[in-house]
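Asker: The primary structure of each chain is shown beneath.
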Amino acid sequence: MTWVVWRQGRSEAILVVGLLGALGLLLILTGAHMRSVFGASHLSPCTNDAASPPAVCGLLVGSFRQRFDGLNQLGPWLGLIPGLVGVLMAAPFVLELDQGTYRLALTQSVTPRRWINTRIGLLLLGAVLCGGLMIALATWWRHPLDSLGGRIGPNEFDLEGFVPIAYTLFAAAAVLAVGTVSRRTGLAVASGFGAYLVARLLLRSLRQHLIPPLHALIAPPKGPYGIRHAWVISESFTDPHGHPVPNGAVGRCFGSSGDLEPGCLARHHVVSSFVYEPASRFWSLQAIEAGIFLSLAAMSIGLAIWWFKHRLT
Amino acid sequence: MITFHLDSHSGVPAYLQIVQQVRHAVSLGVLRAGDQLPTVKEVVGTLAINPNTVLKAYRELDRAGVVEARRGQGTFVAQSVEGPSERDYRPLQTELAEWLTRARAAGLDDDAIRALVAATLRTQLAVRAVA
Amino acid sequence: MTTVPALSCDGLGKRFRSKWALRDCSLRIPAGSVTALVGPNGAGKTTLLQLAVGISAPSAGEIETLGWSPQRDPLMVLPRIGFLAQDHPLYRGFTLAEMLTFGRKLNSRWDDEAARRRLDGLGLALTQRVGKLSGGQQAQVALTLALAKRPEILLLDEPAASLDPLARREFLQGLMEAVAEHGVTVVLSSHILAELERVCDHLVILSRGRVALAGDTEEIVRSHRLLTGARRDVDEIAQLHSVIRATTTERQTTALVHANGHVYDSHWRVSDVDLEQIVLAYLALDPSPSPGPVAVR
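Chains as they are written, first to last, in our numbering: chain A, 1 to 313; chain B, 1 to 131; chain C, 1 to 297.
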């Protein structure tokens, strides 16, 4: 049956390979370049969070980031890829229902149960493998940037850990569910991808509430421990009790060089207020977000299988 | 090798048409003793009819002694009817075709021709009976 | 000797949401027969065939194909049946060679050699894509795939519906050859009786989800009579024989009856009636829930 599943979904499989191949090529080429520049710029000392970084790091890191900012802009677009892969993996199954070829497949010698289990099983396996590949590529690519700025920030969080697998599975499951109920490929693909986008955007904005973020009030110019690798949700100037200060209070303290003078701020009792998620929460947040997507995926697949068993057979 | 054809609108059952066509072929000399009839598969492959219909026809012919079924080999014509062979009736057929052309030129339609043939046969029979 | 019927239904019913597509269906289709399943669209033909192969599960009653329940013992049924769904679905992007591979991979009993020979005989090259073939050719390919399983029963859902007359004829020729060669039982559904008459020796009439009539075609023709006479009530004749349909004009009454023995009644002129008229009369019947289907032995 594996041959049949592969051959029937061959076009989609080729598209997935092409997509991931192009992604891989892009990331490997740019990533290699980024790593060589990283090495040449002697940025390694700047990656350590614990000790105070050498003063020159601020400038080096800033210029490095700026140089590769273009690539960082790519982040959100990369977020579409798990959705596309998931949709492409689920489409062949829906096509079978849409074109009626499932009636041909179910009257060979395979039982309906084995047919649907094998098809969905292979689909899930494929989604996991593709997700894993995406994670491997993205993690490798982001290594220099992650070492400087952490990986829990909104753009990079989506690409690493194990959420990409959950994203892919959810997209595939959504297409499966709509496809099994409607038996229309176009509708299933569009709604499935649409549901994926909505869910991703929703979780993006809800992510900070999954684990309530930390608050810290620190005298500038320092930040809380590990702030460089954390996800800074908001950073503002407040009074020592955390209430916002009028702009004027801060404006006074701009020196001739255009920088803020810490001494001036201290005199006016202005402190930096941070709302952030520390890097240590990376895996917990990953688990929660992945858990949400995986539950949605499981429910969708359950619906698809139930519908298939009870309405189509 | 004989090819069957069926007239679905004639009202005659299919198997009977096959029987008649075999009998006809045998009497005309188209089928001779020892000739093999088409297999059931060949017949249904041409006519798209139920194989049982063909089997029924062949069984009937076997019962009547026109054909004999040889196990494992097929169905074969059992005996030839005393009558003209193909060599004999071909010139007759050519003459008939010429006559028909003349009859039509004279203005006779098909019905008139058939009536003429039937009447002549009857007269001939009567003449032979008397003789 | 009791042979297992190829298909056997007892009180079979199938409901979709609130509507019964098939109800109270009880039938025996003997092995080796070629059965026509006739009825208008929506009569339940597709439903019955899908229940027989196990794509659908019964809502009521039982069905056994080749002696086994398609739902409970699919592995005893699926390898032994050949099925042609309506519109003969095939993978349009596959080549014919790949369709054969498909069959080979999904079936334990598969005669690849015979399938190749059949396709060759039909003038179809293995490198051709299914999507590029004509409707008639696709139907033949679907039939080839079904036959390659060496099935004991072939179930065909309106196999010739979308085909032109020539393609239809060729399809039936191929089907009959398979029956002649392998003795496979055939059940084919159609809403056109005419083309099936010369092919089938058994008939099942479905109307509005119920079996109106089932039996051997010759027996059906033998046991039905057309009675014509001066305009009169059919109640008297209905006491002895089943009146299937009675039509009355100003002067004349015509009744099609399922005769219970010989019809002795000087009031009527009795004549034979052909299969098509019988089918039409039964299809016009309003199926009543209480009396069972008219079964002809």
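Just so you know, these hints were derived from the structure itself, not from any lab.
Positions of the beta carbon are idealized from the N, C-alpha and C atoms, including for glycine.
Hints are supplied without guarantee of correctness; some may be wrong.
Per the computed footprint, the stretches of chain C lying under chain A, defined by three or more beta-carbons under 8 angstroms from a beta-carbon of chain A, are [as the list claims (entries may be wrong)]:
1) 86–93
2) 220–229
Pairs of lysine to aspartate or glutamate, EDC-like flavour, derived with a Cα cap of 16 angstroms [claimed, not checked]:
3) B:41 with C:98
4) B:56 with C:201
5) A:222 with A:259
6) B:56 with C:170
7) A:222 with A:235
8) B:41 with C:170
9) C:132 with C:98
10) B:56 with B:68
Incomplete in silico selection of chain C near chain A, CB under 8 angstroms [stated by the list, open to error]:
11) 53
12) 127
13) 130
Asker: Hint by hint, say whether it matches the structure.
Answerer: Verification of the hints:
Given as covered by chain A, the segment 86–93 of chain C passes the check, having 6 residues with a CB less than 8 angstroms from a CB of that chain where 3 are the minimum. Only when three residues or more bring their CB closer than 8 angstroms to a CB of chain A does the claim for the segment 220–229 of chain C stand; here the count is 0, and the claim is violated. Distance hint between residue 41 of chain B and residue 98 of chain C is unfulfilled; the C-alpha atoms sit about 29 angstroms from each other, more than 16 angstroms. Simply put, residue 56 of chain B and residue 201 of chain C have alpha-carbon atoms about 12 angstroms apart, close enough for the 16 angstroms limit, and the pair holds.
In summary, the hint linking residue 222 of chain A to residue 259 of chain A is supported, as the alpha carbons are separated by about 14 angstroms, within the 16 angstroms threshold. Taken as a hint, the residue 56 of chain B and residue 170 of chain C pair is broken in the structure, with Cα atoms around 23 angstroms apart against an allowance of 16 angstroms. Pair hint residue 222 of chain A plus residue 235 of chain A holds up; C-alpha atoms about 12 angstroms apart against a cutoff of 16 angstroms. Simply put, residue 41 of chain B and residue 170 of chain C have alpha-carbon atoms about 14 angstroms apart, close enough for the 16 angstroms limit, and the pair holds.
For the hint pairing residue 132 of chain C with residue 98 of chain C, the CA-to-CA distance comes to about 14 angstroms; that is within 16 angstroms, so the pair holds. At most 16 angstroms may separate the alpha-carbon atoms for a hinted pair to count; residue 56 of chain B and residue 68 of chain B meet this at roughly 13 angstroms. Taking 8 angstroms as the C-beta cut-off, the interface hint given for residue 53 of chain C holds, the closest approach to chain A being about 5 angstroms. For residue 127 of chain C, the interface hint is violated, the least distance from its beta-carbon to any beta-carbon of chain A being 15 angstroms, above 8 angstroms.
The beta carbon of residue 130 of chain C comes no nearer than 10 angstroms to any beta carbon in chain A, farther than 8 angstroms, and the hint placing it at the interface is violated.
In this structure, the earlier hints numbered 2, 3, 6, 12, 13 are contradicted, and the remaining ones agree with it.
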